[in-house]
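A.B. asks: Under the working numbering, the residue at position 77 of the sequence shown is numbered 77, and the numbers go up by one with no gaps.
Worth flagging that the hints you see were computed from the coordinates, not collected in a lab.
Treat the hints with care, since some could be wrong.
[Said to hold, decoys possible] Per label pair, the in silico range of CB-to-CB distance:
{"hint": "1", "residue 1": "Lys135", "residue 2": "Ala57", "range": "33 to 41 Å"}
{"hint": "2", "residue 1": "Lys101", "residue 2": "Gly32", "range": "44 to 52 Å"}
{"hint": "3", "residue 1": "Ser85", "residue 2": "Leu19", "range": "33 to 41 Å"}
{"hint": "4", "residue 1": "Ser85", "residue 2": "Lys138", "range": "15 to 23 Å"}
Since this is a predicted model, take the numbers as computed values, not measurements.
Note that the Cβ used here is the ideal one computed from N, Cα and C, for glycine as well.
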Amino acid sequence: MPEKIDKKIISLLSQDISLCSRPFEKLALKLGIKERILISRLKAYKKSGLMRKFSVALNHRKIGFKHNAMVVWNIPDKLIDHSGSLLAVLTQVSHCYQREKAPGWDYNLYAMIHGKSKNECLNLIKDISRQISCKDYKVLFSSEEYKKTAAKYYSLP
Numbered sequence: 001m002p003e004k005i006d007k008k009i010i011s012l013l014s015q016d017i018s019l020c021s022r023p024f025e026k027l028a029l030k031l032g033i034k035e036r037i038l039i040s041r042l043k044a045y046k047k048s049g050l051m052r053k054f055s056v057a058l059n060h061r062k063i064g065f066k067h068n069a070m071v072v073w074n075i076p077d078k079l080i081d082h083s084g085s086l087l088a089v090l091t092q093v094s095h096c097y098q099r100e101k102a103p104g105w106d107y108n109l110y111a112m113i114h115g116k117s118k119n120e121c122l123n124l125i126k127d128i129s130r131q132i133s134c135k136d137y138k139v140l141f142s143s144e145e146y147k148k149t150a151a152k153y154y155s156l157p
């Protein structure tokens with residue numbers, strides 16, 4: 001279970017971070033701890049698997065990737081791990097999940113595909129479907145974005 005300081009660190013990391021020469025020093029000041037302590041905790045989060053990565057979040061639409069689609073495939077259970085692994089390495093895929101099939105909904109592999117055009121997405125989806133030998137899939141293009149934010153796990157004052 002995270003300590004109070006860990007919750008504060010996680011809360012601050014889920015917000016925008018200053019673009020400056022010492023962003024962790026600035027965060028440490030807000031937390032009332034030394035920069036080296038903050039960095040040490042971040043390294044421990046990474047080592048333990050608590051934190052997968054620390055990265056920049058770009059607005060994909062502003063850099064030209066204006067189209068995206070959630071694609072669902074009906075994959076035989078014995079091929080799901082192989083198919084998911086093939087999709088997971090593609091740079092155009094931002095999310096890839098296995099989910100349980102539901103009554104009336106036989107799809108168990110889900111992926112979010114990004115492209116500069118609808119045709120680029122469709123061509124990639126066709127290529128992927130050939131690679132994983134699956135003809136039973138559905139493409140759900142996004143039409144409006146209502147919310148896109150990082151998850152906030154702790155809201156602290």
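A.B. asks: Confirm or reject each hint.
C.D. replies: Evaluation of the provided hints:
1. Lys135 / Ala57: 33 to 41 Å: Roughly 35 Å apart at Cβ, these two residues keep to the hinted range, so it holds.
2. Lys101 / Gly32: 44 to 52 Å: Since the Cβ atoms of Lys101 and Gly32 sit about 50 Å apart, the hinted range of 44 to 52 Å holds.
3. Ser85 / Leu19: 33 to 41 Å: For Ser85 and Leu19 the Cβ distance comes to about 35 Å; the hint holds.
4. Ser85 / Lys138: 15 to 23 Å: 21 Å, holds
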